[in-house]
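Trainee: Note that numbering that gives the first Met the number 0 gives residue 34 to position 35 of the sequence shown, counting from 1, and the numbers run on in steps of one.
Incorrect hints may appear among the rest.
Beta-carbon label-pair distances, calculated as ranges [what the hints assert, rightly or not]:
{"hint": "1", "residue 1": "GLU86", "residue 2": "GLU117", "range": "20 to 26 Å"}
{"hint": "2", "residue 1": "ILE69", "residue 2": "THR20", "range": "19 to 25 Å"}
{"hint": "3", "residue 1": "LEU82", "residue 2": "ILE112", "range": "32 to 38 Å"}
{"hint": "4", "residue 1": "SER11", "residue 2": "SER62", "range": "43 to 49 Å"}
{"hint": "5", "residue 1": "ASN42", "residue 2": "PHE22", "range": "16 to 22 Å"}
Since the hints were derived computationally from the structure, they do not count as laboratory data.
Built from N, CA and C at the ideal position, the CB exists for glycine as well.
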Amino acid sequence: MKKWNLVLLISSGIVILDQLTKFLVVRSFKLYESIIVINGFFNITYLRNKGAAFSFLADSNSSFILPFFIITTLAAIGVILYLIYEEGESHPFYLPSLSMVLGGALGNLIDRIFRGGEVVD
Numbered sequence: 000m001k002k003w004n005l006v007l008l009i010s011s012g013i014v015i016l017d018q019l020t021k022f023l024v025v026r027s028f029k030l031y032e033s034i035i036v037i038n039g040f041f042n043i044t045y046l047r048n049k050g051a052a053f054s055f056l057a058d059s060n061s062s063f064i065l066p067f068f069i070i071t072t073l074a075a076i077g078v079i080l081y082l083i084y085e086e087g088e089s090h091p092f093y094l095p096s097l098s099m100v101l102g103g104a105l106g107n108l109i110d111r112i113f114r115g116g117e118v119v120d
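Let the sequences and hints guide you as you build the complete structure.
Mentor: Right, here's the structure in full:
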């Protein structure tokens, strides 16, 4: 049970930070606006992505895209939970790493559902 408490703590913390930072960016930035945080290394830019990683399929206007991404995300969440269940304590970084990926997947799923199929990037 200790394993699942850690998963819940880390993944929910990631979801909260993810949604909070997205809320602040959407509230404070115009679309495509960018600020330099560390010159030459780290910028914050407000983008909306209808696609997957690197905007893959973002230009597709097909009605299957949103259900496809929701189903794919749910499948990924299922695989992550299975990996945690089966091998959650095999390496000290394995469980925290999977928990962070789980939190990111949940954050993007929330975006897809509540932001019109888009993810704030």
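Trainee: Hints first: check each against the structure and report whether it holds.
Mentor: Hint-by-hint comparison with the structure:
no. : hint                       : verdict
1   : GLU86 - GLU117: 20 to 26 Å : violated (33 Å)
2   : ILE69 - THR20: 19 to 25 Å  : holds (22 Å)
3   : LEU82 - ILE112: 32 to 38 Å : violated (24 Å)
4   : SER11 - SER62: 43 to 49 Å  : violated (32 Å)
5   : ASN42 - PHE22: 16 to 22 Å  : holds (19 Å)
Against the hints set out earlier in the document, violations occur for numbers 1, 3, 4.
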